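Colleague: Next come the chains, spelled out residue by residue.
Number of protein chains: 2
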Amino acid sequence: MSLIPLLNDIVGAEHVLTGDDATAYLSDWRGRYTGKALAVVRPENAEEIAAIVRLCQQYETPIVTQGGNTGLCGGATPSNKGDAIVILTTRLNKILSIDTDNDTITVQAGCILQAVQEAATNAGRLFPLSLAAEGSCTIGGNLATNAGGTQVLRYGNARDLALGLQVVTAEGEIWNGLRGLRKDNTGYDLRDLFIGSEGTLGIITAATLKLYPQPIAKSTALLAFEDIQKAVKVLSRARQGFGSALTGFELMSAYCLEIVRRIFPQIKVPFAPETAPWYALIEISDSESAEHARNRFEEVIGAAFEDGDIVDAVIAESGQQSHEIWHLRESIPLAEAEIGKGIKNDISIPVSKTAAFIEKTNALLQAQFPGIRHIIFGHLGDGNLHYNIGAPDGQEEGFLDYQKDVYKIVFDSVASFEGSISAEHGIGQLKKDILPDYKDEVELALMRKIKRVLDPNALLNPGKVINSVELY
Amino acid sequence: MSLIPLLNDIVGAEHVLTGDDATAYLSDWRGRYTGKALAVVRPENAEEIAAIVRLCQQYETPIVTQGGNTGLCGGATPSNKGDAIVILTTRLNKILSIDTDNDTITVQAGCILQAVQEAATNAGRLFPLSLAAEGSCTIGGNLATNAGGTQVLRYGNARDLALGLQVVTAEGEIWNGLRGLRKDNTGYDLRDLFIGSEGTLGIITAATLKLYPQPIAKSTALLAFEDIQKAVKVLSRARQGFGSALTGFELMSAYCLEIVRRIFPQIKVPFAPETAPWYALIEISDSESAEHARNRFEEVIGAAFEDGDIVDAVIAESGQQSHEIWHLRESIPLAEAEIGKGIKNDISIPVSKTAAFIEKTNALLQAQFPGIRHIIFGHLGDGNLHYNIGAPDGQEEGFLDYQKDVYKIVFDSVASFEGSISAEHGIGQLKKDILPDYKDEVELALMRKIKRVLDPNALLNPGKVINSVELY
Chain A
1 MSLIPLLNDI
11 VGAEHVLTGD
21 DATAYLSDWR
31 GRYTGKALAV
41 VRPENAEEIA
51 AIVRLCQQYE
61 TPIVTQGGNT
71 GLCGGATPSN
81 KGDAIVILTT
91 RLNKILSIDT
101 DNDTITVQAG
111 CILQAVQEAA
121 TNAGRLFPLS
131 LAAEGSCTIG
141 GNLATNAGGT
151 QVLRYGNARD
161 LALGLQVVTA
171 EGEIWNGLRG
181 LRKDNTGYDL
191 RDLFIGSEGT
201 LGIITAATLK
211 LYPQPIAKST
221 ALLAFEDIQK
231 AVKVLSRARQ
241 GFGSALTGFE
251 LMSAYCLEIV
261 RRIFPQIKVP
271 FAPETAPWYA
281 LIEISDSESA
291 EHARNRFEEV
301 IGAAFEDGDI
311 VDAVIAESGQ
321 QSHEIWHLRE
331 SIPLAEAEIG
341 KGIKNDISIP
351 VSKTAAFIEK
361 TNALLQAQFP
371 GIRHIIFGHL
381 GDGNLHYNIG
391 APDGQEEGFL
401 DYQKDVYKIV
411 FDSVASFEGS
421 ISAEHGIGQL
431 KKDILPDYKD
441 EVELALMRKI
451 KRVLDPNALL
461 NPGKVINSVE
471 LY
Chain B
1 MSLIPLLNDI
11 VGAEHVLTGD
21 DATAYLSDWR
31 GRYTGKALAV
41 VRPENAEEIA
51 AIVRLCQQYE
61 TPIVTQGGNT
71 GLCGGATPSN
81 KGDAIVILTT
91 RLNKILSIDT
101 DNDTITVQAG
111 CILQAVQEAA
121 TNAGRLFPLS
131 LAAEGSCTIG
141 GNLATNAGGT
151 QVLRYGNARD
161 LALGLQVVTA
171 EGEIWNGLRG
181 LRKDNTGYDL
191 RDLFIGSEGT
201 LGIITAATLK
211 LYPQPIAKST
221 ALLAFEDIQK
231 AVKVLSRARQ
241 GFGSALTGFE
251 LMSAYCLEIV
261 RRIFPQIKVP
271 FAPETAPWYA
281 LIEISDSESA
291 EHARNRFEEV
301 IGAAFEDGDI
311 VDAVIAESGQ
321 QSHEIWHLRE
331 SIPLAEAEIG
341 KGIKNDISIP
351 VSKTAAFIEK
361 TNALLQAQFP
371 GIRHIIFGHL
381 GDGNLHYNIG
391 APDGQEEGFL
401 DYQKDVYKIV
411 FDSVASFEGS
421 ISAEHGIGQL
431 KKDILPDYKD
441 EVELALMRKI
451 KRVLDPNALL
461 NPGKVINSVE
471 LY
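Residue numbers (UniProt numbering), protein chains in the order written: chain A, 1 to 472; chain B, 1 to 472.
Don't read these hints as lab results, they were simulated from the structure. You may find that some hints are simply not true.
Identical copies look the same in the list; a pair holds intra-copy or inter-copy alike.
In silico EDC-like pairs for lysine to aspartate or glutamate, Cα to Cα no more than 20 Å straight-line [said to hold, decoys possible]: (1) Lys-233 <-> Asp-101; (2) Lys-353 <-> Asp-20; (3) Lys-353 <-> Asp-101; (4) Lys-439 <-> Glu-171; (5) Lys-36 <-> Asp-20; (6) Lys-353 <-> Glu-226; (7) Lys-353 <-> Asp-99; (8) Lys-360 <-> Asp-101; (9) Lys-233 <-> Glu-359; (10) Lys-439 <-> Glu-173; (11) Lys-268 <-> Asp-101; (12) Lys-81 <-> Asp-21; (13) Lys-94 <-> Glu-44; (14) Lys-449 <-> Glu-171.
Computed from a prediction, not measured in an experiment: that's the story for all the values here.
Construct the complete structure from the given sequences, taking the supplied hints into account.
Modeller: Here is the structure:
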């Protein structure tokens, strides 16, 4: 018997998509990767997913799991072979329970991130994971890629927010690890092994997540610096002065503000051009009062200003002004897209080495590609830079063909500063072939061992993260 | 050639201990477990450990790694077979580097926890892991057991404080994963797999750890509650009111204070007997000022008092008073030891279920063992209870023989409340045979697979965590 009727038996024929119905799920949203699949299957729960996996083992059919299809590395797109099925988790969209005394929420993997945030808000709590795609990405995808976002400085990555998981294994068994415990030392940490494995070791079907109190007030400012070292110094002062009330420290170069000014003249940039080469959005979340947040902000920022660590500062006087500063920050990638396709780098560097890294890498790139433009911004508090490259003026044509050469220069430099070639987006297809060049041989060997033992037939998301050819 | 001369070649004969020189390392500090070993070996660095491991592979010699020998579950004590060697990490005691701009410290595994804390303090930072054994336990042991302690509520377990590891694998290779990055999504999370694996998957030889700013001021109080639900309610209010400034919430029963009063009359207990059945030490760490901490404390605690959530409260007026309250809390296990050996339980329960768990389990135990005494205290903020049992008055003789029966009642109850049978002490030898009764079969199978593939000859700390008999 062929696979499709058996899939129909498990999930119902209306949830087994083929032909045109399947097309939307066979490309990533940026259109960088397109693949083929026998079918796109929409199960309703972990039991159906387990049954599908067992069937796929029988038929030796590869499985690609997909949530909201918002990934940036092609991790949820099948290959061109057409021998795989895609499992869509979007029907696993139930908020299963919420426990405000334990400060936990248990959700199915296909819940949209925003729905999880809203469920927390409705219960008077905060679920702090927050990123640009939150209106369409799923929590399962967030966990599979260990998503970061804008609040990592205070609350950590997706991994740090998960207490327990339910996972369907490669054998089609269900591991029920939905624990709502902050302390549990009973064996190996399987949870964190599945988190960030991009669907190559198992399929996350539900999770128990941490909740936090909602802050009473926030304060936001835009600071101007004469160099990055000063920004690093103020970050350090802010960590000392605000403690964990510090929830954002977003670096951006003057050029980032310049392109926002040029592309979106309606957006208010609170500094005159040429004020400074570097800026940072800083935000604190206060558990006391708006007045306290404001006073505290002025005290710590004021002291940095007096000591000459800050060239200039604009402190938001209202929620509206705070929103404007965030909007400015969030408009950078949009402005960047408008001025032409670029080569993006999602990297991390120890915070202390950020300045030296940028100086050295900019010079190396300029030597090879004179006139290229640097669009540098990111989460300085986490050492995470979006170190992006634009073509020299008038040379956009064919610039993307140099991606491999740019990667080589940037990643070699990242390695020399003990950084990471993927800070928050993962490996997927995009960096799979490059990874062995930057990963310790012992670490790669350990990864391959774990992949082999947890997915011996290499059916879970093949061709992602690690090279299957080397595996078996 | 026999093993000992070859070990001598690697580390020098003066660092290969046998006979009486080895005795101290063959028992755990509480004297619950005693074993034998071919030798106790004291290597100086990861390279020597790697060479020892390769040698042990050749000679099929099991390896038990030991740090400060302060574990509570026999995880660092060899078995009685006498076929193993013990690797002592205590000579790997260097602080390798400290980076205040990146807020990280890199240390060898044999560093005493207190030495790590002091190195951080000397650099103007806080390394927040803190527990009773900090003067003699090693950071390697803390990581191997994912130690908890008194500041987990704010800063997390040992796992949450580690960014990177250096590990010697079962093959005697060195994985250099000493990364100081807060974001790194380049493959499987090996770090967290080794952390908490109690030396059964690899040997941790160094770590890069997170540092935090030192708080400017602390405030401490002892609160009295009419029942546990009220304590849970005030914990929730404190999380809301203090945000992450809340660094301690330690529950203790009236009976705990009573035994401290009886055994240590010199210790000041700030409440009259019978004030309330439950108490909690609450602490906040402020990044602003002592005055702010004090005011904020009075505001939040005051509101809880007015709403009737607190029966009575004593707020420390000085560092000395704060110290006295902590001393009271820390004297509970000492008083407990004085009144006779008991049966200890290091468990966790969802915070919301704490009251129901205690009520039900107390009743089950009293039905089986009328008159037993309940010494209940712990880190309520983490859901972690030290749910200890003392013999009925005058029946101490032979009471410890009932440990297995007490465990059965307590752990069955823990399981029914979706808790963990080991919150922060680990499994070791103590709970290895019980673990399969309380662990999902799928999870156990995954653990065995990982053990098999990372330690195929079962030489790393055999007889700990998972039952070797079932493994191969």
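Colleague: Run every hint past the structure and note whether it holds.
Modeller: Evaluation of the provided hints:
1. Lys-233 <-> Asp-101: This pair counts as between: shortest inter-copy Cα distance 7 Å, intra-copy 38 Å.
2. Lys-353 <-> Asp-20: neither (49 Å within a copy, 50 Å between copies)
3. Lys-353 <-> Asp-101: Close across copies (9 Å), not inside one copy (42 Å); limit 20 Å.
4. Lys-439 <-> Glu-171: between (29 Å within a copy, 19 Å between copies)
5. Lys-36 <-> Asp-20: This pair counts as within: shortest intra-copy Cα distance 12 Å, inter-copy 69 Å.
6. Lys-353 <-> Glu-226: Within. Shortest intra-copy distance 17 Å satisfies the 20 Å Cα cut-off; inter-copy 53 Å does not.
7. Lys-353 <-> Asp-99: between (42 Å within a copy, 10 Å between copies)
8. Lys-360 <-> Asp-101: between (50 Å within a copy, 19 Å between copies)
9. Lys-233 <-> Glu-359: Answer is within: at 17 Å inside a copy they meet the 20 Å cutoff, but 52 Å across does not.
10. Lys-439 <-> Glu-173: Close across copies (15 Å), not inside one copy (31 Å); limit 20 Å.
11. Lys-268 <-> Asp-101: neither (42 Å within a copy, 32 Å between copies)
12. Lys-81 <-> Asp-21: Cα proximity of Lys-81 and Asp-21: one copy only (19 Å, versus 64 Å across).
13. Lys-94 <-> Glu-44: within (10 Å within a copy, 54 Å between copies)
14. Lys-449 <-> Glu-171: both (17 Å within a copy, 13 Å between copies)
In terms of the numbered hints stated before, the structure departs from hints 2, 11, listed from lowest to highest.
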